[in-house]
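Visitor: Here is what each chain is made of, one letter per residue.
Protein chains: 2
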Amino acid sequence: MIGIFDSGIGGMTVARAVEQLLPDHSILYLGDIARTPYGTKSAETIIDYSLRNTEFLLQKGSNLIVIACNTASSVATERLRQEFNVPIIEVVTPAVQAVLARSRTGRVGIIGTRATVRSNIYERSITALDPQFKVFSLACPLLVPLVEEGWINKRETKMILRRYLHPLKDKQIDTLVLGCTHYPLLTNLIQPRIGNRVNLVDSSIETAHYLQRFLADHPGIVRKNGDQPATRRYFVTDLTESAQQVAAKIFNRPLELELV
Amino acid sequence: MIGIFDSGIGGMTVARAVEQLLPDHSILYLGDIARTPYGTKSAETIIDYSLRNTEFLLQKGSNLIVIACNTASSVATERLRQEFNVPIIEVVTPAVQAVLARSRTGRVGIIGTRATVRSNIYERSITALDPQFKVFSLACPLLVPLVEEGWINKRETKMILRRYLHPLKDKQIDTLVLGCTHYPLLTNLIQPRIGNRVNLVDSSIETAHYLQRFLADHPGIVRKNGDQPATRRYFVTDLTESAQQVAAKIFNRPLELELV
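As given, the protein sequences belong to chains A and B, one line each in that order.
Mapped onto the UniProt record's numbering, the consecutive letters of the first sequence carry residue numbers 1 to 260.
Mapped onto the UniProt record's numbering, the consecutive letters of the second sequence carry residue numbers 1 to 260.
Simulated from the structure, these hints should not be mistaken for lab results.
Please read these numbers as outputs of a predicted model, since none were measured by experiment.
Do not rely on the hints blindly, as some may be mistaken.
[Said to hold, decoys possible] Going by beta-carbon spacing under 10 Å, a handful of chain B positions derived as facing chain A: (1) PRO37; (2) LYS41; (3) SER42; (4) GLU44; (5) THR45; (6) TYR49; (7) PRO141; (8) VAL144; (9) GLU148; (10) TRP151; (11) THR157; (12) MET159; (13) THR237; (14) ASP238; (15) LEU259.
Note that CB positions come from ideal geometry on N, CA and C, so glycine has one too.
Only chain A is shown next, with the shape it has when bound in the complex:
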């Protein structure tokens, strides 16, 4: 069973992509809505929460963990791999691989939460693989609350995006990483504001593809459900109306959220 956790509901963009690519696999999701958001908090606190989330998913029978949160991926992956003896997939590596495969100029932008940008993980990972790359990172802390409020097509959201993206405009990037699993919901607003020729890398979709290849390379770690239909369960640490609304928007269907 594939266990996926996130600070809240943003990671459901990863779960949705996994559902579509791997329809025969069972999924267990945990959204830590009671402590959301992670991106404004300290590394120590984020690691503590990530340990607890992973323990929950393992107790419920997961054989593999996907950290569907760029913030937790950035600061907690190493610690989770030390503590737990199952494969830990995170969202940064898949996005970094996509950047290296697709960028032609080697000039790349990263947008994410404050904690993700402060960790500098994208720049370190990209330049470790190719020192020629120039990486420009930018924290956009208000985008998570705007998405969680459902303000996806509001004029204020467009203005805030324009203000955030402005420092990237003259950097001549050809690739921009959506380094937060909430941001794919803003793709239609980000693309025209950063320029139509800039290639957007969606860490959610890249992670689902990465997971698909990983499972193909490591058969036996996570079993398909065979003749049984795949189960999907979505747990949350707090149950709120707006979480239910955003979840339904992400999956384009009503989703039953189960309170832990």
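Add chain B to chain A, keeping to what the hints say.
Guide: Here is chain B on its own, set in the frame of chain A:
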């Protein structure tokens, strides 16, 4: 010793007002930054966090608790009074008393978090005391992240405020309650947008005055420090750079935050 807690740093507007009005009293503050914000979360989760915060402040020697958070005041006061045998002061009652004293038309607006507005506590408390009052409540969930980001004078914040306040404009209110301890930082933006004739009630200042009267009426519950200088300690459950910046802005001095 006066114990004060909040979901994060907004409650420091209450602590600041208490420092100014009651300079001889020692203050212990706890900001639950690791779990902030409360206003988007469920009542059960907010009660759970409020119990833990109160326990911490009592263990550290508080003789009286101030809930410096409208959200926690709205949903957790009753439970804290059942559990703990010390006076529990909250921020709703002082604001309600100010409304009844100052409103001449009896048409009153309330702005607050989603949880505060959902609890309906202001409307219930005001109309219980005077059924003639008309109360119009409005959730403004993005104001807390905007304040915590320090976007206090940005154009986007002004636009979002205008959008939020719009439904109140034709209600002919003469009084507006800032029903969240973050909002006093936005007074200068709110006043012109709601109209200069509308009287703003700041729950932080009202609570400090209420506490002053309470202590005068109940001498002996909380002792003054006598010849000792009053101590002030500011604890947080997570330590972040932006929390330190906003805290310094609220107190107009650098503030030493202690990690719990």
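Visitor: Do the numbers back the hint for MET159 of chain B, that is, is its least Cβ distance to chain A under 10 Å?
Guide: holds (5 Å)
Visitor: For the restraint on PRO37 of chain B, tell me whether the closest CB of chain A is nearer than 10 Å.
Guide: At about 9 Å, which falls below the 10 Å cut-off, the nearest Cβ of chain A leaves the hint on PRO37 of chain B intact, so it holds.
Visitor: Report holds or violated for the interface hint on TRP151 of chain B, using the least CB-CB distance to chain A and a cut-off of 10 Å.
Guide: Constraint on TRP151 of chain B satisfied, holds at 7 Å.
Visitor: Restraint: THR157 of chain B near chain A, CB-CB cut 10 Å. Satisfied or not?
Guide: holds (9 Å)
Visitor: Should the interface hint for PRO141 of chain B be scored as holding, given a Cβ-Cβ cut-off of 10 Å against chain A?
Guide: Hint on PRO141 of chain B: holds, closest Cβ of chain A at ~6 Å, below 10 Å.
Visitor: Classify the hint on THR237 of chain B as holds or violated, based on whether any CB of chain A lies nearer than 10 Å to its CB.
Guide: holds (8 Å)
Visitor: Given ASP238 of chain B as an interface hint, is the shortest Cβ-Cβ distance to chain A below 10 Å?
Guide: At 5 Å from the nearest chain A Cβ, ASP238 of chain B passes the 10 Å test, so the hint holds.
Visitor: Holds or violated: the hint that TYR49 of chain B contacts chain A, with Cβ atoms closer than 10 Å.
Guide: holds (9 Å)
Visitor: Just to be careful: measuring from the Cβ of LEU259 of chain B to every Cβ in chain A, is the smallest value less than 10 Å?
Guide: OK, holds: LEU259 of chain B within 10 Å of chain A, min 9 Å.
Visitor: Answer holds if the nearest beta-carbon of chain A is closer than 10 Å to that of VAL144 of chain B; otherwise answer violated.
Guide: This hint holds: VAL144 of chain B lies near chain A, its Cβ roughly 8 Å from the closest one there, short of 10 Å.
Visitor: Is the shortest C-beta separation between SER42 of chain B and chain A less than 10 Å?
Guide: holds (5 Å)
Visitor: Hey, does the THR45 of chain B contact hint survive, CB to chain A under 10 Å?
Guide: holds (5 Å)
Hint violations for this structure: none, all hints satisfied.
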